[in-house]
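Residue strings, one per chain:
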Amino acid sequence: MRQWVWVFIFLVLGGFSLAQDRTQVLVYGGDWTDLITLDPQVVYEFSGVMIADNLYETLVRFEGSDLATLRPGLAESWKVERGTTDWILTFKLRRGSRFSTGREVTAKDVVFSFERALALKGPGSFLFTDIAQLKPGATKALDPYTVEVRIPKSASPQSFLSILTFTIGGVVDSEEVQKNAKGGDLGKDWLTNNSAGSGPYRLVRWDRGNQVILEANPHARIKPKVPRVVLRYIQEPAVLRTALESGEIDIAEGLTPEGLKAIAANPRFKVVRAETLRLQYLGMNMKAGSPFANAKLREAMRYAVNQDELLQGLLQGNAVKTQTLIPKGLLGHNPTTPYKYDPNRARKLLAEAGYLQGLEFELLVSTGICGGGVPCPDVAAKLQADMAKAGFRARIRAIANAEVLATYRAQNHQVVLAGWSPDFPDPDGNATPWADYGARSLAWRNSYNDEVAAKLARQAALETDPQKRQALYKVLTEKVLREGPYVVLYQPAQPIGLSAKVEGFLKNPMMSAPLWQVSKQP
Amino acid sequence: MRRLARRFLRNPGAVVGLFLLLVLALVALLGPGLVGDPLEQNLLERLKPPSPEHPLGTDQLGRDVLARVVHGARISLGVGFGVVLLASLLGTAVGLLAGGLGGRWDNLLMRLTDVFFAFPSLILAMAIAAALGPNLGNTVLAVALVTWPIYARLVRAQVLALREREFVEAARALGAGQGRILLRHLLPNALTPVLVQASYEVGAAILTAAGLSFIGFGAQPPTPEWGAMVAETRNYMAEAPWAATAPALGILLTVLAFNLLGDGLRDVLDPRGR
Amino acid sequence: MAAYLVRRLFLVLFVGVGITFVTFFIAQVVPTDPAVAALGENAREEQIREFRERYGLDRPLLVQYGIYLRRLLALDLGRSLRTGRPVAEDLKEFFPATLELSLAAFLVAVALGLPAGVWAALRQNRSPDLLVRLFALLLGSTPVFFLAILLLDVLHRQLGLLPGPGRLDPYLIPPPRVTGLVTLDALLAKDLAAFRDALHHLLLPAFVLGSASAALLARMTRAAMLEVLSQDYVRTAWAKGLAERQVVLRHALKNAALPILTLLGGLLGGLLSGAVLTETIFSWPGLGRYVTQSATSLDFPAVMGVTLLVGVVYSLLNLLVDLLYALLDPRIRYA
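Protein chains in written order, with the working numbering: chain A, 1 to 522; chain B, 1 to 274; chain C, 1 to 335.
Everything labelled a hint here was simulated from the structure, so no lab data went into it. Be aware that a few hints might be false.
[Claimed, not checked] DSS-like cross-link-like pairs, simulated, lysine-lysine; straight-line CA separation at most 30 Å: (1) 48/B x 79/A; (2) 121/A x 92/C; (3) 153/A x 520/A.
[Claimed, not checked] Label pairs and their computed distance ranges (CB to CB): (4) 395/A x 323/C: 52 to 62 Å; (5) 131/C x 7/B: 22 to 32 Å; (6) 105/B x 180/A: 55 to 65 Å.
Treat the numbers as computed from the prediction; the structure is a model and nothing was measured. Glycine included, each C-beta is placed from N, C-alpha and C at the ideal position.
Produce the entire structure from the sequences given, and follow the hints as far as they go.
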């Protein structure tokens, strides 16, 4: 009996040897619970897109944080021609790119992948079908290394090219996928947790809720510096911080501002702030009968938000101050910030609108984490306290994010705390949803029906001259800032804590992270 | 009665429990008037350690932890009693009907009880709270819905045991109706185990409700509910352990008090059950 | 006996269907459209409509429930709205982690609670008894989520004695997934380093999850033992001068086993569903976290699958306990 106790104690507490060289494994901790698939044509979630980006290559791509210059990916060159009825895009594939299966990437794989995206109708497929207006059969292999794609004249080839940098344009090994297809699913089931790409890594294991393990793709053109990547699911920010501090993980995403401050002060670690294109904002419902249909009240609200304290006190540097609808980093961003916290002015405006006793309203927030790593209820509580001094009595209703969205979509909110990220890196990814009521997106949800704003957004979307486009967006952003249903609170940065041993880590504003460029010192 | 009280008071645990409860009741009744505003924030004073001004420090929004904990006492006691009241009413009614009517009704009602008994309670409460929308009222309802079967079983067992006893036979012989026998004769005698169970269940209900709030299916911010407070401040354990510890101790002491009280009551009222 | 077994199994079935019925109708109170929950903030109206059609959310309620039951006969639990996968697949993926954690917690509870209870009973009203009772009271009253946070902070962050979250050190190559229980899989792969590390990772969450059960078990064992120790035959054994160890093991514990056994079945079942909070804090990839996320996103097919699974396992455990009872106590006969 007693011996067994000692055997047990030895087994549990005994020292153990590590099986792997620590510099050859990169451990990345974060909340990956949104991960539901790694199929490039289906994936649309932040973490899924980030991972799939390391498994698959696209024809063209952006490098680093530069979202303006297209660079060669699988295609070494491309050209755009104006046909009689269509835009004709021709891509020349480079030779010798290989899938993790060892097969060469050829034009038929590109055709298969694009047709697959259209057939599967994943959540991101509107990028192909609506924005690029791509039709089945419009992608052709002219020879094994030449692909031709035709899109209608009414679509913008520039937008299409930037969409092609997104995972939906990731090229899969058509033979391997067809081999694993079941009942006409085009391999969707299999690709959910297997990979068949030419990217620097291949997927070796995904234990849902626990970890995703990537290994260097032995046939890839791009060789990663660290051959093995482990993505650990860690949701608790406090636990995440401890894991980083104790060396269990190398990269920590989702730390609290306090945690980041402590990490930044320690020479063994460093902090990277990834810029995002996300905007955190308040949406005021302007539908008939709502108090916020009154422009004076919306104006008062803009003076009732203490943006500076919010940024300094709560976000502590993990956000950029901005008040207009196009985020910093995209063409057309308008840096003007005319509104300052002014409770007296807000009260006066309220009184002018007939609310001498102030106004009570419901502020709808998610129970989740808002941009910049702060819990949304904390942001709401801060807003509530500042608004109270300005005559607005906010009743906070914190509910699951899904319910916030459902309420918002049904136009049943009074004021909502929400976030928005553009679907593709172009100002139109914000301008149309925010300004065009007909697009049935944010403007519609807040009953902001302004024909001038909608027309400006449409006009700017099709304008090809960058300077003219910029000018149009300046008019639009100013107008919506003063009249619209939004109070933009901030543009969050995504703060990430790293071990000082980690070099070359980067996360771009579209939230992709080229892990193959990361190296790890002993 | 006096003998029972004396026996109760000879049990040191019971006395401690009773004392704790009295203190808690006082805090819940009078406390909120004595401390500051539990919702007032001061972001410049975030996560400050205990000081004369803030005896239990401040939380991540610079709110006074003491004020929040004191207000939380009222909420948690309210939740605990609310749950037990609802659950014991429902459970007693079901148990009384099952035991009293017998036969097919008994069978049906007890199988229903089995279903709820086998239900993973926290998960059912989560589902209910998610469906109805998370707020304290729904939490009370949800926890009551998962805890009533225990009373139903207790009461039914008592009723079955008592039904054949002489005083019930006597009442029946005197021509008392079924309903009258149930309410006048069986119910009062079946209540003792319910009372003992209820005293434990207040503590258990407070724990469950706090757990629900902790994972976001209960009280909503900025409500100073103890479980929600621990949840909101748990990420600051390294910088400000007081902010999460104070409400957690609140839960611990309250639950402890009810457990001690339950032990004491059981010793006195139901000496066999130990 | 066979008839009894059939009747009890039928009852388990009834409970299972009852559970789906209750959960299904709870799901219908939801004020929110699950399609919106699943598709997120940028989803278009057509996508939402298509989603509702694909999952049959546009059909009448009873029809939906009928379809659900018919599929259930083929062990098809439907598709999760959140992950898009068959719920059965998801359960297969997440259940083993919860099972491993609950079993470990159960072992912790038995290893701590049983001896503590016996010890306390043997030294009634002396310091060991008081100590055990005090600890049992305190552990039984501590909110498990705070215990988790506290121990993680002290033992892991401050002292570095125990590993943090997760099931295995990320620098170890995880053993191939066979059972989904990492400890068992490591043994099957003859990987002792992984086995040790997995045990190491289990220790803290298992203690946290098992602590309240240990407290309860200690109290019940103590009570059962006191009852037995006051019986005549034990006094006789003692009077005959048998060693304490013998008295305890041979006579007292054997006879106290029945009430304790009843408790154990319930405990393990309770641990399975009680793992929710522990899993959340330890990033443990089990059913508890799965069901929390499912409930948050109003994914009721998934919630129904989990409640059904846990409820049926719980009922089966109770059945098992009753059968064991019959084996241990010859006086009981099942007709």
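Here is how each hint holds up against the structure:
1. 48/B x 79/A: 61 Å, violated
2. 121/A x 92/C: 28 Å, holds
3. 153/A x 520/A: 48 Å, violated
4. 395/A x 323/C: 52 to 62 Å: About 55 Å separates the Cβ atoms of residue 395/A and residue 323/C, which means 52 to 62 Å holds.
5. 131/C x 7/B: 22 to 32 Å: 25 Å, holds
6. 105/B x 180/A: 55 to 65 Å: 57 Å, holds
In summary, the numbered hints that this structure violates are 1, 3.
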